[in-house]
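Got chain A; can you put chain B on it based on the hints?
Protein chains: 2
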Amino acid sequence: MYISYPSRFETYGAVKIYELSKVYSLFAIKAEWKPGLYNIPNFNELEKTAEKTVIVVPSRNEDPMVLEGVLKAIPVYSPIILVSASTQAPLNMYSVETDIAKTLYKVTGRPTIIVHQRDPVIAEELGPHIPGILDEDGLVRYGKGEGLLISVLLADGLNAENIGFIDADNYIPGAVLEYTLIYYTILNMSESDYRMVRLSWGYKAWSSTDLYFRRMGRASTIVNNVLNKILSLRRRAETDIVKTSNSGEHAMSVKLAKEISFAGGYAVETQELVSLLEACYIGVEDGMCPALPGNIEIYQVETRNPHIHSEKGESHVIEMIIESLSTIYHSKLVDSKGKALVIDTLMDLAYEGEPPPPLKYSIPSLNGKDFLDKVLGESKTSVAYGV
Amino acid sequence: MYISYPSRFETYGAVKIYELSKVYSLFAIKAEWKPGLYNIPNFNELEKTAEKTVIVVPSRNEDPMVLEGVLKAIPVYSPIILVSASTQAPLNMYSVETDIAKTLYKVTGRPTIIVHQRDPVIAEELGPHIPGILDEDGLVRYGKGEGLLISVLLADGLNAENIGFIDADNYIPGAVLEYTLIYYTILNMSESDYRMVRLSWGYKAWSSTDLYFRRMGRASTIVNNVLNKILSLRRRAETDIVKTSNSGEHAMSVKLAKEISFAGGYAVETQELVSLLEACYIGVEDGMCPALPGNIEIYQVETRNPHIHSEKGESHVIEMIIESLSTIYHSKLVDSKGKALVIDTLMDLAYEGEPPPPLKYSIPSLNGKDFLDKVLGESKTSVAYGV
Chain A
1 MYISYPSRFE
11 TYGAVKIYEL
21 SKVYSLFAIK
31 AEWKPGLYNI
41 PNFNELEKTA
51 EKTVIVVPSR
61 NEDPMVLEGV
71 LKAIPVYSPI
81 ILVSASTQAP
91 LNMYSVETDI
101 AKTLYKVTGR
111 PTIIVHQRDP
121 VIAEELGPHI
131 PGILDEDGLV
141 RYGKGEGLLI
151 SVLLADGLNA
161 ENIGFIDADN
171 YIPGAVLEYT
181 LIYYTILNMS
191 ESDYRMVRLS
201 WGYKAWSSTD
211 LYFRRMGRAS
221 TIVNNVLNKI
231 LSLRRRAETD
241 IVKTSNSGEH
251 AMSVKLAKEI
261 SFAGGYAVET
271 QELVSLLEAC
281 YIGVEDGMCP
291 ALPGNIEIYQ
301 VETRNPHIHS
311 EKGESHVIEM
321 IIESLSTIYH
331 SKLVDSKGKA
341 LVIDTLMDLA
351 YEGEPPPPLK
361 YSIPSLNGKD
371 FLDKVLGESK
381 TSVAYGV
Chain B
1 MYISYPSRFE
11 TYGAVKIYEL
21 SKVYSLFAIK
31 AEWKPGLYNI
41 PNFNELEKTA
51 EKTVIVVPSR
61 NEDPMVLEGV
71 LKAIPVYSPI
81 ILVSASTQAP
91 LNMYSVETDI
101 AKTLYKVTGR
111 PTIIVHQRDP
121 VIAEELGPHI
131 PGILDEDGLV
141 RYGKGEGLLI
151 SVLLADGLNA
161 ENIGFIDADN
171 YIPGAVLEYT
181 LIYYTILNMS
191 ESDYRMVRLS
201 WGYKAWSSTD
211 LYFRRMGRAS
221 TIVNNVLNKI
231 LSLRRRAETD
241 IVKTSNSGEH
251 AMSVKLAKEI
261 SFAGGYAVET
271 QELVSLLEAC
281 YIGVEDGMCP
291 ALPGNIEIYQ
301 VETRNPHIHS
311 EKGESHVIEM
321 IIESLSTIYH
331 SKLVDSKGKA
341 LVIDTLMDLA
351 YEGEPPPPLK
361 YSIPSLNGKD
371 FLDKVLGESK
381 TSVAYGV
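These protein sequence lines map, in sequence, to chains A and B.
If you're matching positions, the first sequence starts at 1 in the working numbering and goes up one per residue.
If you're matching positions, the second sequence starts at 1 in the working numbering and goes up one per residue.
Looking at chain A on its own, in the form it has when it is part of the complex (with noise of 0.2 Å):
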């Protein structure tokens, strides 16, 4: 894969924001290298980072195809680790998930885990360490943020390098097999140890509709444009550096994971942008930055795949818009001014008033190994194939 090398990043703290590269050939492993593009140098590199990769996939009741077509399209040198909070009864979508899960790790022999997220004995391990991560019934909360920091601790307990998330609904396995590619590409080339990679995708369109491709959604449109007004404001220059605020596509390396503050449900992707910058550009100067005396490294790059997935209607997207914001909102990031935009913008969509604040959780600071195997050893409902 041949992606264009970015010419400059944006400094804020010890956050270096790149700027948006592209993916100008899908599959150039080894091919000469050229000025200007970069590209993993040859196969057993990417081997290399691949194995070292976790590609975690969170669902919630997916079409089973659908699920089937993504799990496929992730070369097999991956470990697999599937977040589900799929229902369980009447119909139990869960046992769906993990049959599709155990049938392609026959095939591929990778190790595969496959947890549920109201898995009793998660809960029981996370309770007492993460506050206000349990719900009244005593489980798990359900939101993709959630899901997520429970993936980083099983990737940690599988002494994975990175972690990197596809979601579940993406109809075009193509376009997840670009996205591991572009992950892969992108930590083998950091030489940070705080390393991440967010994708923006080329055009993007629904299954259910006519296909129209659209460059960008309209979450990402808005959360972009604030994110950027306040990095202007904080600076006095202007910036659109930021092109993935709620990018669901992302990869980072796992000690980047441990550091992040995760927030519920679909904040969750701007969140560990506002938590990057709270630590390591507004408290860079008060100690709070892990990554010093290194710098953390952020790439953007825009696949050349069209993103066909599916339609969860426009309250979704306004949900997610106003979850994205509130995390701003209540960052260290803004003052007055910052908050005033923030609730301008919301005010646009006919939300009047502040934004209630996120949920928002620390990585505990358990033994992975030791909470893999707590939930693989005593859990009804998590399995795990060839780990």
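Heads up, a few of these hints could be off.
Put simply, identical chains are the same to the list, so a pair is met inside one copy or across any two.
[Said to hold, decoys possible] Capping the alpha-carbon separation at 27 Å, the derived lysine-lysine pairs in DSS-like fashion look like this:
1) Lys22 x Lys332
2) Lys48 x Lys34
3) Lys34 x Lys106
4) Lys34 x Lys312
5) Lys48 x Lys255
6) Lys30 x Lys106
Derived by calculation from the structure, the hints in this document are not laboratory data.
Showing chain B alone in chain A's frame:
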């Protein structure tokens, strides 16, 4: 890529038609060998096979964005031949295509040839050797089959070992990558000098309508059915082995391509099968089969990606069916019972009587290198980069 190893094939004279294989994993180069699966054993094998395989993209006024995605998806090791039948005036779509290919060449450096099917130099070279290929303008006829025929001669001129075809109207670059990886995997696996792989789309949909994933196109359903019945009648045992009668996505050894008689227009893909069965099944006793004492191996693979392409309309489908069935009707495969079956099938489509005989061309015994040099040396419209 893990592809299921076909567990059986049927033999028609010297033609072996393998049962449909399926893609179990999009990316598994070098991964452990497993019974029942095939996989390219290491990256060097993939690279070597890819370098020896020319990928041909026939194009006629396709959306430039779509064509660009197709070209970016073809692994950089394979030379590309773009055969265009696009308009040159008033809007010069051909120059847009040339510029897309040139831009990509600047990035990848791979050998790239762009020829126009209506190039007078090509007409001058082919006219005397291929009866009927020129139209009243003295130029090579419009038609997909005619374009593919030109590309076979050019690939031979490049001294390529294999040639693979990818339609230019594919909205999913990731699907194109899958097609090429299937080509490499099967061409690497086959031990015959006369090898072919034909793809069946796992799902198909159109870019212009609600996304609905069909299992099989209408033309394929009808033409596969007729071809299978014809074979059943001959062998006196029913078969449904043929799944890829109209497979636009297919690849083969150049050695095999040079022995096939190509049909004009959209009959080309069906005619390839008909032509091979005529020579090496019906004609095998009469010494008509060039592969002897070897076999012709025809593999069929079902892709995992959906195929999303532009909608060409109902009349296009009917036309394609008529053209395809005519190659069967006017072949040595059918007796009076077979002919009646074709007539009946056409009647169901409201077409009365005999279909017109297809245009058919044998590959002339030209020196491919001389043809390539002539075209590149003398043409004002066709160009090459890195050749």
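Okay, the hints, checked on the actual structure:
1. Lys22 x Lys332: Close neither inside one copy (32 Å) nor across copies (53 Å); limit 27 Å.
2. Lys48 x Lys34: Classified as both; 23 Å inside a copy, 21 Å across copies.
3. Lys34 x Lys106: between (40 Å within a copy, 10 Å between copies)
4. Lys34 x Lys312: neither (41 Å within a copy, 40 Å between copies)
5. Lys48 x Lys255: Classified as within: same-chain Cα gap 18 Å, cross-chain 38 Å, threshold 27 Å.
6. Lys30 x Lys106: between (30 Å within a copy, 17 Å between copies)
Hint check: violations occur at hints 1 and 4; the rest are consistent with the structure.
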